[in-house]
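First to last, the sequence lines map onto chains A and B. Going by the working numbering, the first residue of the first sequence is number 7, and it counts up by one from there. Going by the working numbering, the first residue of the second sequence is number 6, and it counts up by one from there.
Treat the hints with care, as some may be off.
To be verified - Which chain A residues stay away from chain B? Per the calculated CB distances, all over 10 Å, these:
1) G22
2) T26
3) L28
4) M33
5) N34
6) L75
7) K76
8) E85
9) Q91
10) S101
11) T105
12) G109
13) T115
What the hints assert, rightly or not - Covered stretches of chain B, as calculated for chain A (at least 3 residues, CB under 8 Å):
14) 19-28
15) 73-87
Hints are computed from structural coordinates only; laboratory data are not their basis. Note that beta-carbon positions come from the ideal geometry of N, C-alpha and C, so glycine has one too.
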Amino acid sequence: NAGVTQTPKFRVLKTGQSMTLLCAQDMNHEYMYWYRQDPGMGLRLIHYSVGEGTTAKGEVPDGYNVSRLKKQNFLLGLESAAPSQTSVYFCASGSRTDTQYFGPGTRLTVL
Amino acid sequence: GQQVMQIPQYQHVQEGEDFTTYCNSSTTLSNIQWYKQRPGGHPVFLIQLVKSGEVKKQKRLTFQFGEAKKNSSLHITATQTTDVGTYFCAGLSRGAGGTSYGKLTFGQGTILTVHP
Chain A
7 NAGVTQTPKF
17 RVLKTGQSMT
27 LLCAQDMNHE
37 YMYWYRQDPG
47 MGLRLIHYSV
57 GEGTTAKGEV
67 PDGYNVSRLK
77 KQNFLLGLES
87 AAPSQTSVYF
97 CASGSRTDTQ
107 YFGPGTRLTV
117 L
Chain B
6 GQQVMQIPQY
16 QHVQEGEDFT
26 TYCNSSTTLS
36 NIQWYKQRPG
46 GHPVFLIQLV
56 KSGEVKKQKR
66 LTFQFGEAKK
76 NSSLHITATQ
86 TTDVGTYFCA
96 GLSRGAGGTS
106 YGKLTFGQGT
116 ILTVHP
């Protein structure tokens, strides 16, 4: 099992550009999450999904959109990137046991 | 909303010294989890505490959950260089309906460095 995978691993964008981050899990988990990690801020929840076709806002959703068309995939979109969105993005998946399994992360720089 | 505070932010120790990080929640938690993130890596689940006053051990690591289920601690005995990384606590609160969808609120993390 690959667990949770994320693509791409690194990306540099210019302000105003758009991109999509892909998360895939092969553990048949119902729940999936997108976090951003910034120095001294811990992990902050952007959006989450409790099942295929459902999404909900987390703590810091502004500037991001998500979609969960398939159970195993959770996409995070930036429609118009801003320098404030420079961060490391982690995807995680989980089940009713509440434990979360994290992907390796995507390091995004917005110039 | 729920807040989870973690202290200290940084801890530098000599190899062989003990280390403790503390976590406090603004609300009563259903459970608390601890994760470790190695430098350049991703968070990895360590343990989950559910019961009031619960204490769990993993080799040199001891985890405690407070009686009021609002605080927790992680203690490492005789640190080793392999313990280097950031330790996060994460609290889970269930809503009135008992559901949480696994939404965790993470503390800011404690960055541990160990000098050989």
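Structure-based check of all given hints:
1. G22: holds, 29 Å
2. T26: T26(A) is indeed farther than 10 Å from all Cβ atoms of chain B, at 20 Å.
3. L28: holds, 16 Å
4. M33: holds, 13 Å
5. N34: Given that every Cβ of chain B is farther than 10 Å from that of N34(A), nearest at about 15 Å, it holds.
6. L75: holds, 19 Å
7. K76: Consistent with the label, K76(A) stays out of reach of chain B, its closest Cβ about 19 Å off (over 10 Å).
8. E85: At about 24 Å from chain B, E85(A) clears the 10 Å cut-off, so the statement holds.
9. Q91: holds, 19 Å
10. S101: Incorrect as stated: the minimum Cβ-Cβ distance to chain B is 8 Å, not above 10 Å.
11. T105: violated, 5 Å
12. G109: Label violated. Min Cβ-Cβ 6 Å, cutoff 10 Å.
13. T115: Answer for T115(A): holds, closest chain B Cβ roughly 16 Å.
14. 19-28: Coverage by chain A is violated here, the residue count being 0 at a Cβ distance below 8 Å.
15. 73-87: violated (count 0)
Going through the hint list in order, the structure does not satisfy hints 10, 11, 12, 14, 15.
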